[in-house]
Amino acid sequence: MNLIDLIGVWVGVFITLMVLSFLYKENPFFRLTEYVFIGLAAGYAFAASLRLFIDQALNPIFVNGNLTFIVPVILGSLFYAQFTKKYSSLYRLPLSLAIGYGLGVTIWSVFATFFVKQVIATMIPLFTGDVLTTFDNVVLVAGTILSLSYFILHREQKGVWGGFTKIGKYFILATLGAVFGSTVLGRMAIIIQRVQFLVGDPAFPWSALGMGTATEGAYAPIGVVAFLAVFGYYLYRERNKRSSAETAAKAAKT
Amino acid sequence: MSSDKKKMSRGDLGLQVIIFSLGFFYAIVYYVAVPGTVDLQAVSDQLLAYLTALLTAAFAIGVINLTRVHVNNIKRKRATWRYSVILIICLYAMAIFSMIASPFALDPQAAVIPASVIAFSTPIWEFLYYKILVNINSTIFSLLAFFIASAAYRAFKARSLESTILLAAGLLVILGQAPIVDLVWPGFGAIRDWILAFPNTAGQRGILIGAALAILVFSVRRLFRYPWGE
Amino acid sequence: MAASSLRSDPRLVYLILLLVITVPILTHAVIAVPITPTTRALYDFIQNLPPNSLVVESFDYATSVVPELHPQAIVVTQHIFLRPLKVLFVAQDPNGPPLADAVLDAINKGNKSYGIDYANLGYIPNTATLIGMPSNIAQFLPLDTRGNPTASLPLIKEFPAAKDAALVITFDDDGSALYAYLQYWQGSFNIAVAVGATATVAPGFMPFYSSGQLVGILISIRGAAEYESLLNQQYNCCLGISGASSAMVALSASHLLIVAMVVFANATYFISRRTSKKEK
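Protein chains in written order, with this note's numbering: chain A, 1 to 254; chain B, 1001 to 1230; chain C, 2001 to 2280.
These are computed hints drawn from the structure, not numbers from a lab. A portion of the hints provided could be inaccurate.
[Said to hold, decoys possible] Short derived list, chain B residues pointing at chain C, Cβ under 10 Å:
no.: 1; residue: Asp-1045
no.: 2; residue: Thr-1052
no.: 3; residue: Thr-1056
no.: 4; residue: Ser-1102
no.: 5; residue: Pro-1103
no.: 6; residue: Ala-1115
no.: 7; residue: Phe-1146
no.: 8; residue: Leu-1161
no.: 9; residue: Val-1173
no.: 10; residue: Ala-1178
no.: 11; residue: Pro-1179
Only a predicted model underlies this, so the values are computations on that prediction, with no experimental measurement involved. Yeah, the Cβ is synthetic: ideal placement off N, Cα and C, and Gly gets one too.
In isolation and in its complexed conformation, chain A is listed as follows (with noise of 0.2 Å):
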């Protein structure tokens, strides 16, 4: 058994109940593990940023000696002069750069793979030999025209037209009740394996998530314990804090 990997778990642990005390009420605890939170995941993602711009711009500078790279890092620099107040506007520069890059790639690659790929793969026939098929086709086909005609704002949604768009509002409804549906599962599944966690299940996957092994796991209901004992502890002495204030403030009154 690894001590630090032990240690781990019941830190883990702790962090793990820190943050669903919040479901009991809001308390230091919780604010404590989302401050640490930012801190954390900033520093890790600015390790991230540098190492890429070491890779991308500075290594062919000074690795490769294409001297060409030190224009877009010089550019690239002008990013920082937000933070002056005599040459903040200078930061639209790079910036610029960038929208026009995106825009002209957007314009390709949005139309190929989100217009015209799904219009032909609208393109299906509707009566086929078998029944089931014909009704399905029939939906797919029906459907997205008619949830696409809920969009067209510029012409009053009534009459005929204002029929054909309340199907298409209904299709739109089905759709988000599925992905209703569907975000019940993704909701459940990251809570289950929380709670695998902390009570120390085999089945939880120790070792792919950088826990140490499923023997230092079983010990991670010992954390919740000690957790508990803390937070009731807590919650005792606000309730005494609470107690005692009211207790001084009917005095203050009498």
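Position chains B and C relative to chain A; hints supplied.
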């Protein structure tokens, strides 16, 4: 409407020329090949490499902003200043250990940083990342499971035809994706698969095509600085 | 009275949900999982890839959705390593490289070697790099996560351009990485694309599966459990490597609880509406 038209300054015009030139070039390079004269693809690839270098130069902006805000909190002793201290410590500790020992380490082959320092830092980085960061992030997300359960109870009422359709589709999908229900009667799974494959696909496709057209129109308008409000 | 207590204090709902999830986990119950068509399609595609084909695995999820996508990454990676295929790990999320390393540490790699059969090239920093990779990997990702020059790896000498890949599978939590692969890799080079998706975004990917742009979709932890089951049927192994299969009873219980709550809430709503109409 004409009052919404903004006059472009020289600087704005210059930036718009840059946006248009680069955007137009990348829009046409996909469609146009000019054999024998200029290898547009090679020019495009080289420009891409330069753009990559330019974009990565903004690596420190997030850290600078966070540091400014929280150091300010600490200086002025605001209500959450103690938490700001913890944030700054975590930020720089993680940054330093990540630069030494993460997959983004600056010197993974120990050419400059001594191997002993890397060996010392690696378990610390792994502890911070796997045992703290991953746990916090996934647990924060897991709170949504409780909120969705609470919302399902409080808010999902079949008050109208529209809400009934939404509810029915949602409930059928939920039932179909619970394996135990699917085993009791495979029809639920088949219904869920059908809803996802047909009505959901139709609705999503309509939304996708509409969004693609909107993005296309916006991109072309932005390239030409089409006056807003006209 | 039960209805009003549940409405007035949501913590009661939270407690019920926690109990409904915890009890099946403590009993270690496991059930068979029916296979959905999109999972089967992905499994069959990988199973039928010619030997020595290159698969690009893209880790594009943040640590928040690790419970949903990490099990998928484990089972798919294990499948690829059980077959005579080569694999390149990349990421469009900065959290991807360490998660890829964690998956590699957890699976059985057989006799495959780093640099020859697989490599971790790390983070793809922006679209420009992604667009360039199908033409020349080493130019746009010059170093791997271990600091080796990409061009020196035998795997990259064999496959210098990503357009030679037989499949790119992205484990994506919000669709941005998938759309990038569809637009730039499939759009220009016709590379087959598959996705391991969170349950929230999976319905939005169905049009791409229907149009043939995606060869398969894994949906959340259930997709991982289905894939484990398929691996077990084919190779008699791997059941439980990702922890997905053992979560299925708890998943079913939680889903049934949601359905019960919605039905109960609607029943009390209709009853109270009828009662107030009668009173009028």
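Status of each hint after checking the structure:
The beta carbon of B/Asp-1045 comes within 6 Å of a beta carbon in chain C, closer than 10 Å, and the hint placing it at the interface holds. Checking B/Thr-1052 against chain C: minimum C-beta separation of about 4 Å stays under 10 Å; hint holds. Annotation: B/Thr-1056 was flagged as interfacial toward chain C, and the flag holds, the nearest CB pair being 6 Å apart, inside 10 Å. Proximity of B/Ser-1102 to chain C holds as hinted, the smallest CB-CB distance being about 7 Å (cut-off 10 Å).
Because the smallest distance between the Cβ of B/Pro-1103 and any Cβ of chain C comes to about 4 Å, under 10 Å, the interface hint for this residue holds. Taken as an interface hint, B/Ala-1115 does not check out: its beta carbon lies about 12 Å from the nearest beta carbon of chain C, beyond 10 Å. For B/Phe-1146, the shortest C-beta to C-beta distance to chain C is roughly 5 Å, which falls under 10 Å, so the interface hint holds. For B/Leu-1161, the shortest C-beta to C-beta distance to chain C is roughly 14 Å, which exceeds 10 Å, and the interface hint is violated.
The interface hint given for B/Val-1173 holds, since its Cβ lies 8 Å from the closest Cβ of chain C, which is under the 10 Å cut-off. Annotation: B/Ala-1178 was flagged as interfacial toward chain C, and the flag holds, the nearest CB pair being 4 Å apart, inside 10 Å. Checking B/Pro-1179 against chain C by beta carbon gives a least distance of about 5 Å; that is within 10 Å, so the hint holds.
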